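Residue numbers (the UniProt record's numbering), protein chains in the order written: chain A, 1 to 266; chain B, 1 to 247.
It should be emphasised that the hints constitute simulated quantities derived from the structure, not laboratory data.
Everything numeric in this text was worked out from a predicted model, so none of it was measured.
Possibly wrong hints are sitting among the right ones.
[Claimed, not checked] Keeping only pairs whose Cα atoms sit at most 20 Å apart, straight-line, the calculated SDA-like set for lysine to any residue is:
no. : chain 1 : residue 1 : chain 2 : residue 2
1   : A       : 192       : B       : 179
2   : A       : 157       : B       : 32
3   : A       : 45        : A       : 260
4   : A       : 157       : B       : 155
5   : B       : 66        : B       : 238
6   : A       : 157       : B       : 205
7   : B       : 43        : B       : 182
8   : A       : 45        : B       : 238
9   : A       : 45        : A       : 246
10  : A       : 45        : B       : 206
11  : A       : 157       : B       : 235
12  : A       : 157       : B       : 206
13  : B       : 112       : B       : 155
14  : B       : 66        : B       : 43
15  : A       : 157       : B       : 43
16  : A       : 192       : A       : 233
17  : B       : 128       : B       : 225
18  : B       : 112       : B       : 153
Listed here are the chains, written in short residue letters.
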Amino acid sequence: MAPQIEPSAGFKFDNVKRNQLLGDKGYKLPTATKTGTTIVGLIYKDGLVLGADTRATAGPIVADKNCEKIHYLAPNMYCCGAGTAADTEFTTNMISSQLALHSLNTGREPRVVAAMTMLKQHLFKYHGHIGAALVLGGYDSTGPHLFTVYPHGSTDKLPYVTMGSGSLAAMSVFESRWQPGMSREEAVEMVKDAIEAGIFNDLGSGSNVDVCVITKGNVEYLRNYARPNERVEKEQSYRFRQGVTEFYAPRAARRGQDTAEMDTSA
Amino acid sequence: MDPIEFRLPHTIQRPKATPNHGPRTHTTRPIVTGTSVIAFKYKDGIMMAADCLASYGSLARFRNEKRLMSVGETTLLGVSGDMSDFQHMQHTLESLLTQEYDMDDGQKLGTKSVYKCISNIMYNRRTKGDPLWNAYVIGGLDNGQKMLGFVDLYGTTYQSATIATGFGGHLAQPILRRRVEGREDELSEEEAVQILDECMRVLFYRDARSLNKLRRAKVTAQGVEISEPYMLETNWSFAESITGYGS
Numbered sequence: 001m002a003p004q005i006e007p008s009a010g011f012k013f014d015n016v017k018r019n020q021l022l023g024d025k026g027y028k029l030p031t032a033t034k035t036g037t038t039i040v041g042l043i044y045k046d047g048l049v050l051g052a053d054t055r056a057t058a059g060p061i062v063a064d065k066n067c068e069k070i071h072y073l074a075p076n077m078y079c080c081g082a083g084t085a086a087d088t089e090f091t092t093n094m095i096s097s098q099l100a101l102h103s104l105n106t107g108r109e110p111r112v113v114a115a116m117t118m119l120k121q122h123l124f125k126y127h128g129h130i131g132a133a134l135v136l137g138g139y140d141s142t143g144p145h146l147f148t149v150y151p152h153g154s155t156d157k158l159p160y161v162t163m164g165s166g167s168l169a170a171m172s173v174f175e176s177r178w179q180p181g182m183s184r185e186e187a188v189e190m191v192k193d194a195i196e197a198g199i200f201n202d203l204g205s206g207s208n209v210d211v212c213v214i215t216k217g218n219v220e221y222l223r224n225y226a227r228p229n230e231r232v233e234k235e236q237s238y239r240f241r242q243g244v245t246e247f248y249a250p251r252a253a254r255r256g257q258d259t260a261e262m263d264t265s266a
Numbered sequence: 001m002d003p004i005e006f007r008l009p010h011t012i013q014r015p016k017a018t019p020n021h022g023p024r025t026h027t028t029r030p031i032v033t034g035t036s037v038i039a040f041k042y043k044d045g046i047m048m049a050a051d052c053l054a055s056y057g058s059l060a061r062f063r064n065e066k067r068l069m070s071v072g073e074t075t076l077l078g079v080s081g082d083m084s085d086f087q088h089m090q091h092t093l094e095s096l097l098t099q100e101y102d103m104d105d106g107q108k109l110g111t112k113s114v115y116k117c118i119s120n121i122m123y124n125r126r127t128k129g130d131p132l133w134n135a136y137v138i139g140g141l142d143n144g145q146k147m148l149g150f151v152d153l154y155g156t157t158y159q160s161a162t163i164a165t166g167f168g169g170h171l172a173q174p175i176l177r178r179r180v181e182g183r184e185d186e187l188s189e190e191e192a193v194q195i196l197d198e199c200m201r202v203l204f205y206r207d208a209r210s211l212n213k214l215r216r217a218k219v220t221a222q223g224v225e226i227s228e229p230y231m232l233e234t235n236w237s238f239a240e241s242i243t244g245y246g247s
C-alpha cells in the first residue's frame, strides 16, 4: 500500500471538518467581524469613483462607527472591501506589498489586472474560506479599470458595481441613473447617493460616506465626504472642574528607582 | 383474511397533534409564485404595479397573470407569493362582497375593513401552521383618506406611504423612500408613473424572477383603474464596452 504523502503546498481543510463537527455538537463558533457594508465603484468620463460606508458590525453590534473600507493598493489603485473585515484588511495589505515589489521589479506603474490576478489566485486557493468581497479600481497605463472580486476567486469587469449587504440598495441608484461618460460632479453625487441608499435602507451599513476619485496620475481620497449621521450636540458639558479628583503622589515620585543610565551598545 | 383498508374521502381524518408527532403541520412551500409588488401614495390616491409573471420555480410559466385586483369600488389589492393561495383569497373576498351586496344595507366595504379582514385571515392561518404563502398590498381611499397597507404570510401588518414586497423591498424601496417620502400630497400622476416605471425597470434588471411586462393600477376618488399590460424599455448599451471578466 502506498504511503499517504501530506501535500506540502495548499491549504489543509482539516479544521473545517473539525469546526463542522463542533458546530453539530452545539458549540457556538465565534462570529467573524463582518463589515456589513455598502461598497460601490463606477467609471465616468475621466476615470473612476469608489465609494464605501463606514460601519463595521460584529453580529448585531456596531463594532466601529467610522472604519475605513477603501484600502490602498498602489499609488494609482484602491480597493473597497466587504465581508470579513480581517480578511479584507490582510488580503489587501498583502497584495499591496506584492504589487510594490512587482512594480520595482518591472520598473513600471502597476496595472489593475495585476492586482486583480493576484487577488483572485490567492482567494481561489482558499476556496471561499477567506471572506473577502472586493471592488477593485485603478487608473494605469491602459486606462481606468473597475473589477469585482468574489471570495471564491471569480471576477467581473463592469462599468458600475456594488458589493456588500447594501449592494441592492446601491445598485437600484446606479441602475436608474448611470450613463457612460458622466462628469466628475455627477459621478461623485451618484456614488454618494448610492452609499446613502445603503446606509439608510440596509441595517448592516451606516454612518458616513467615504469617496475616492481616481483619474490619470491623480487620486483624491475623500474621507468622510458626507456625514449624514452626525451626533447631535450634547446639551450640557459634563467636564469636571480641575481639582475635583484628589491625588497623593506628585509627578516626581512616580519616577522609578531604576533611573541609572542603560547600556544600549551592541 | 385482513379486510382491505378502504377509506372514503369524507372519512379520512387529519392527523391529530400528539406528544410523539409534535404540532400538526402541513407541507408548505410555494409552487407557482409571483414576485414583487410596489405601491405608494401620490396626490390623487394610490398607485400600484406588479409584473405579469407567475413563475414555476425558475421557469417563467405564466406570462399574462393578473396580480392586481379590485375589491369593491375603493380598494386595490396586489399580491406576491403563491398564486393558488391568492386564488383562494380571491374566492373568499368574492363571497364576502356577495354577502355585503345581499345585505343591501347601503354600506360599502371600505379599504380599512378589507385590510383588517385579510390580516385576520392571514394570522389565523399562520397560527394553525398552515399559512397562505403570500404578501398582500392593500391600498385605497376611505372617505377621501389615502390608506396603504401590507400583510404577509406571518400576519405581519404595517401601513406606510411606500410599500414593496419581495425583492422590491431591497431594490425599489430605497428609490421609493427617496422620491416619495414627505411628498405624498404633491406628487402628480405623471411623476408617479415615472417613479413606478423606474422601480419596475430596476427590478427587471436585477430580479431573476421578473418580467418587463407589467400592469399598473391606481385608486382615486373616481375608483379603481387597472391598466392593460405594457412593456418597459430597457437599455443594454453598457454591455458594448465589456469584453471578458478580467484580463
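Problem set entry | Pair hint residue 192 of chain A and residue 233 of chain A, alpha-carbon separation not exceeding 20 Å | Given that 20 Å is the threshold and the Cα spacing comes to 24 Å, the pair is violated.
For this session: Verify the proposed pairing of residue 45 of chain A with residue 260 of chain A, using a straight-line Cα cut of 20 Å.
Result: violated (66 Å)
Exercise. Does the structure keep residue 112 of chain B and residue 155 of chain B at a Cα separation of 20 Å or less?
Worked result: This hinted pair holds, its Cα atoms lying about 15 Å apart.
Problem set entry | Agreement of residue 112 of chain B and residue 153 of chain B with the hint, judged by alpha carbon distance not exceeding 20 Å | Judged against 20 Å, a Cα distance of about 19 Å means the pair holds.
For this session: For the pair supplied as a hint, residue 45 of chain A and residue 238 of chain B, confirm whether the alpha-carbon distance does not exceed 20 Å.
Result: holds (14 Å)
Exercise. Given the proposed pairing of residue 45 of chain A with residue 206 of chain B, does the C-alpha separation stay at or below 20 Å?
Worked result: violated (25 Å)
Problem set entry | Distance restraint between residue 192 of chain A and residue 179 of chain B, which requires alpha-carbon spacing of 20 Å or less | Holds, at about 16 Å.
Exercise. Keeping to a limit of 20 Å between CA atoms, is the pair of residue 157 of chain A and residue 155 of chain B held or broken?
Worked result: violated (43 Å)
Exercise. Holds or violated: are the alpha carbons of residue 157 of chain A and residue 235 of chain B at most 20 Å from each other?
Worked result: The hint holds at about 18 Å.
Exercise. Does the alpha-carbon distance linking residue 128 of chain B and residue 225 of chain B stay inside the 20 Å limit?
Worked result: violated (36 Å)
Exercise. Is residue 45 of chain A close enough to residue 246 of chain A, meaning Cα to Cα at most 20 Å?
Worked result: Violated - the C-alpha atoms of residue 246 of chain A and residue 45 of chain A are around 64 Å apart, more than 20 Å.
For this session: Quickly compare the C-alpha distance for residue 157 of chain A and residue 205 of chain B to 20 Å and report which way the hint goes.
Result: holds (17 Å)
Of the numbered hints listed earlier, those contradicted by the structure are 2, 3, 4, 5, 9, 10, 14, 15, 16 and 17.
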